[in-house]
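K.L.:
Starting from two chains that each stand alone, build the complex the way the hints lay out.
Residue numbers (this note's numbering), protein chains in the order written: chain A, 1 to 115; chain B, 116 to 227.
One or more of the hints may lead you astray.
Claimed, not checked - Partial selection, computed: residues in chain A whose CB lies under 8 Å from chain B:
| id | residue |
| --- | --- |
| 1 | 24 |
| 2 | 49 |
| 3 | 96 |
| 4 | 105 |
As the list claims (entries may be wrong) - Quick list of the computed label-pair ranges, beta carbon to beta carbon:
| id | chain 1 | residue 1 | chain 2 | residue 2 | range |
| --- | --- | --- | --- | --- | --- |
| 5 | A | 79 | B | 178 | 43 to 49 Å |
| 6 | B | 120 | A | 1 | 19 to 25 Å |
| 7 | A | 10 | B | 142 | 33 to 39 Å |
| 8 | A | 69 | B | 120 | 40 to 46 Å |
| 9 | B | 214 | A | 76 | 18 to 24 Å |
| 10 | B | 227 | A | 15 | 39 to 45 Å |
| 11 | B | 132 | A | 69 | 49 to 55 Å |
| 12 | A | 115 | B | 131 | 26 to 32 Å |
| 13 | B | 132 | A | 71 | 41 to 47 Å |
If you're looking for bench data, these hints aren't it; they were derived computationally from the structure.
Every value quoted in this text rests on a predicted model; they were computed, and no experiment measured them.
No residue lacks a Cβ here, since even glycine has one placed at the ideal position from N, Cα and C.
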Amino acid sequence: GDSVTQMEGPVTLSEEAFLTINCTYTATGYPSLFWYVQYPGEGLQLLLKATKADDKGSNKGFEATYRKETTSFHLEKGSVQVSDSAVYFCALSLPVAAGANNLFFGTGTRLTVIP
Amino acid sequence: DSGVTQTPKHLITATGQRVTLRCSPRSGDLSVYWYQQSLDQGLQFLIQYYNGEERAKGNILERFSAQQFPDLHSELNLSSLELGDSALYFCASSVGWYKGYTFGSGTRLTVV
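Bound conformation, chain B alone (with noise of 0.2 Å):
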């Protein structure tokens, strides 16, 4: 167990639904960040939060956004899904930029 949770661990839905991924980051973190990994991309980094705010932001999609609430959890939401969503989406949380990121197991989404 890394120390980071994610939710829920597999995700089966249809093109043009929205869906949510939920992440805890590890206590004490305040860094969380959303990455996606698919087979032809790789990881590609989409958003961070730092202590409930936006700080950085990478190739996320405009159907994307994210938020992270007063107690450090952050959610992931997608919304009209389409074939190419499907991927496995990871979270990570870091207490700093030099220490390196702590990933949770990820949430594999397909959509159908």
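For reference, chain A alone in the conformation it holds in the complex (with noise of 0.2 Å):
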């Protein structure tokens, strides 16, 4: 069935040091993929999405590419900041029926960063 397999956390980095967190996905149709933030004690905030093969989402530094060949699709910053410190969900969205579909998610990545 159609899914997302994440990058188990959790993480940990030092400040200015390379963020990519790992996400594969196997899906039947067409998906859609999405990076979502989870802040603490917040709710999901969409931070970047690409709906079609080589698509990049990029959004407040972070980016991602739809690779279709390898069906994944990493999330990467070059320099992180403390301020990013969350947890990060991979997900796919595909319609299942006429206004019906259906949004798989990983399981979470935990980000801390220390200064």
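P.N.:
Okay, here's the thing in structure tokens:
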């Protein structure tokens, strides 16, 4: 079935380090792919998205490229800040019927950035 | 403010009781989704409504039910509550499956 496999955490990095969080997916159709971020005590926020192969989503210095050949959507940031400490979720969305769709989440990766 | 409003923010209740969680979607969004987030199970999709009609069902227990009203707000009813129902319950809304969802800040339910 359709699913998302996400790099397990937790991940601890020093400020200004390079971040990669791996995400791969399995889907029967042509999904849209997303990264969501959840800061402590808050709901999920859409960080970036890509709707077709080779699209690159970017926001707040984060980037991810939709790779159909490797079924991947890895999240990267060149220089993390303490304020990036949060839980990151990879997700895919597929329509299943008229007006109906599923959004599958990975298990989440907790990132802690230390000064 | 994401535009999706959930009330109440916190709820403490006893086992066996019934509670109702409320969600107002972002203006213009016709779809509402309910998710349960617990420590051991991650984010679990419960149910989706589109313009008042149920459209997709996930791992929703029979003790749980939901509906979406003509003004598009939605309610999630949880009955015969058990300790294991303690979790964060999120509502999200969307204008299209390829555009991503907008999440509310959640209702933290504690069953004692």
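K.L.:
Can you let me know if the beta-carbon spacing of residue 79/A and residue 178/B is within 43 to 49 Å?
P.N.:
With a Cβ separation near 48 Å, residue 79/A and residue 178/B satisfy 43 to 49 Å, so the hint holds.
K.L.:
Let me know if the C-beta of residue 24/A comes in closer than 8 Å to any C-beta of chain B, holds or violated.
P.N.:
violated, 17 Å
K.L.:
With respect to the beta-carbon atoms only, verify the hint that residue 214/B and residue 76/A lie 18 to 24 Å apart.
P.N.:
At roughly 23 Å between Cβ atoms, residue 76/A and residue 214/B fall inside 18 to 24 Å, so the hint holds.
K.L.:
Let me know if the C-beta of residue 105/A comes in closer than 8 Å to any C-beta of chain B, holds or violated.
P.N.:
holds, 4 Å
K.L.:
Do residue 132/B and residue 71/A keep their Cβ atoms within the hinted range of 41 to 47 Å?
P.N.:
Once the Cβ atoms are compared, 44 Å apart, the range 41 to 47 Å for residue 71/A and residue 132/B holds.
K.L.:
Please test the hint of 26 to 32 Å on the beta carbon pair from residue 115/A and residue 131/B.
P.N.:
violated, 48 Å
K.L.:
Does residue 96/A pass the interface check with chain B, least Cβ-Cβ distance below 8 Å?
P.N.:
holds, 6 Å
K.L.:
Could one say that the CB atoms of residue 132/B and residue 69/A fall in the range 49 to 55 Å?
P.N.:
Cβ of residue 132/B to Cβ of residue 69/A: about 52 Å, so the range 49 to 55 Å holds.
K.L.:
Does the Cβ-Cβ separation between residue 227/B and residue 15/A fall within 39 to 45 Å?
P.N.:
holds, 40 Å
K.L.:
Cβ-Cβ distance between residue 10/A and residue 142/B: within 33 to 39 Å?
P.N.:
Once the Cβ atoms are compared, 37 Å apart, the range 33 to 39 Å for residue 142/B and residue 10/A holds.
K.L.:
I want to verify a distance hint. Is the separation of the beta carbons of residue 69/A and residue 120/B within 40 to 46 Å?
P.N.:
Holds: the Cβ-Cβ distance is about 41 Å, inside 40 to 46 Å.
K.L.:
Quick check: does the Cβ-Cβ distance between residue 120/B and residue 1/A fall within 19 to 25 Å?
P.N.:
violated, 33 Å
The structure fails to meet hints 1, 6, 12 from the earlier list, while all remaining hints are met.
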